[in-house]
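Enquirer: Note that the protein sequences, when read in sequence, are chains A and B.
Residue numbers 5 to 149, in this note's numbering, belong to the letters of the first sequence in order.
Residue numbers 32 to 132, in this note's numbering, belong to the letters of the second sequence in order.
These are calculated hints, taken from the structure and not from any lab test.
Treat the hints loosely; a few may be bogus.
Over the 10 Å line for every Cβ pair with chain B, so calculated as not near, a few chain A residues [what the hints assert, rightly or not]: (1) 55; (2) 68; (3) 70; (4) 95.
Taking CB as the label site, the calculated pair distances span [claimed, not checked]: (5) A:99 - B:67: 16 to 24 Å; (6) B:104 - A:76: 13 to 21 Å; (7) A:108 - B:57: 38 to 46 Å; (8) B:33 - A:13: 53 to 61 Å; (9) B:70 - A:91: 29 to 37 Å; (10) A:80 - B:49: 44 to 52 Å; (11) A:96 - B:48: 47 to 55 Å.
All C-beta atoms, glycine included, are put in the ideal place defined by N, C-alpha and C.
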Amino acid sequence: MHRSFGSIILDTSFRVLVPFTLVYGIYVLVHGEYSPGGGFQAGALLAVGVVLARLVQGREPIFNIKGTTALILAGIGTFIYGAIGFSTMIFGGKFLEYGRFPIDLHDPAELHALGMLGIEIGVTICVMATIITIFDALTGGEDLL
Amino acid sequence: MKKISLVLIILMAGVYFYTAVGLPLIGDANSAPNTHVSPRYIEKSYEETASPNMVTATLADYRGYDTLGETTVIFIAGIATVMILRTAASKKYKEERGGEN
Numbered sequence: 005m006h007r008s009f010g011s012i013i014l015d016t017s018f019r020v021l022v023p024f025t026l027v028y029g030i031y032v033l034v035h036g037e038y039s040p041g042g043g044f045q046a047g048a049l050l051a052v053g054v055v056l057a058r059l060v061q062g063r064e065p066i067f068n069i070k071g072t073t074a075l076i077l078a079g080i081g082t083f084i085y086g087a088i089g090f091s092t093m094i095f096g097g098k099f100l101e102y103g104r105f106p107i108d109l110h111d112p113a114e115l116h117a118l119g120m121l122g123i124e125i126g127v128t129i130c131v132m133a134t135i136i137t138i139f140d141a142l143t144g145g146e147d148l149l
Numbered sequence: 032m033k034k035i036s037l038v039l040i041i042l043m044a045g046v047y048f049y050t051a052v053g054l055p056l057i058g059d060a061n062s063a064p065n066t067h068v069s070p071r072y073i074e075k076s077y078e079e080t081a082s083p084n085m086v087t088a089t090l091a092d093y094r095g096y097d098t099l100g101e102t103t104v105i106f107i108a109g110i111a112t113v114m115i116l117r118t119a120a121s122k123k124y125k126e127e128r129g130g131e132n
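Next comes chain A alone, as it looks inside the complex (with noise of 0.2 Å):
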């Protein structure tokens, strides 16, 4: 947004909400393969941590992501995603085959849930800078790319 509609009651509860907000986020990330939770929630929550103080401080909040390089942190992300597939067909597996990952565990199950939780990183970063991107994409656009 170019302006601000933030008084100083939006901004003392911004500054409150949002770290836990962006904690929370990182919680269902890491906490996905445990509970209700994974990579798209958590991206749609780290990114609502950006898309308030856009909303609420205007064009220069105290931590924002620009256009460009949410842009491409989404490519990033979907790289992350297929890089995984890919890294467990050098070791000799199929695409996305967890389980050859050259890790020593005393479970080769434990292997499943790191592959998982590396996808699921890929999949944050993705979701998060894809609703940046709309969003400085909706909002102006000058600042984009």
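Starting from the structure of chain A, add chain B where the hints point.
Expert: Coordinates of chain B only, in the frame set by chain A:
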């Protein structure tokens, strides 16, 4: 033309209602989807993937290709939004600035 489309819509609705009768009931243990791979996911997902969350195990491990496609779709949606809206926004911005920049 309008009458033809109306007839076509009613015809399609009739086909859908007719086929809906043949669909399995929700939660029917003997229906085709519930007898093929679902029992395997439910019984083996914890020992095979070490993830207590069955949904994540299915989404990210057994159906990894599908989720890769979903992520790519989201990425392409972002790119498409930028490609459509960037030109429109920059044109409008130029007009507001009076042609400069």
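Enquirer: Indicate, hint by hint, whether the structure satisfies it.
Expert: Hints, verified against the model:
Listed as outside the interface, residue 55 (chain A) is consistent with that label: its C-beta sits roughly 14 Å from the nearest C-beta of chain B, beyond the 10 Å cut-off. Remark: the non-interface label on residue 68 (chain A) is consistent with the geometry, its nearest Cβ contact in chain B lying 17 Å away (cut-off 10 Å). With a minimum CB-CB distance of about 12 Å to chain B, residue 70 (chain A) clears the 10 Å threshold, and the non-interface call stands. At roughly 16 Å, the least C-beta separation between residue 95 (chain A) and chain B is larger than 10 Å, which holds for a residue marked as non-interface.
For residue 99 (chain A) and residue 67 (chain B), the hinted distance range of 16 to 24 Å is satisfied, since their beta carbons lie about 22 Å from each other. The beta-carbon spacing between residue 104 (chain B) and residue 76 (chain A), approximately 19 Å, falls within the hinted interval of 13 to 21 Å. Between residue 108 (chain A) and residue 57 (chain B), the C-beta spacing of about 44 Å keeps the proposed range 38 to 46 Å intact. In this structure, residue 33 (chain B) and residue 13 (chain A) meet the distance hint of 53 to 61 Å, their C-beta atoms being roughly 55 Å apart.
Between residue 70 (chain B) and residue 91 (chain A) the C-beta distance comes to about 31 Å, which sits within the given range of 29 to 37 Å. Distance hint for residue 80 (chain A) and residue 49 (chain B): a CB-CB separation of about 49 Å, consistent with the stated range 44 to 52 Å. In this structure the supplied range 47 to 55 Å holds for residue 96 (chain A) paired with residue 48 (chain B), their Cβ-Cβ distance being about 52 Å.
Taken one by one, the earlier hints all hold for this structure without exception.
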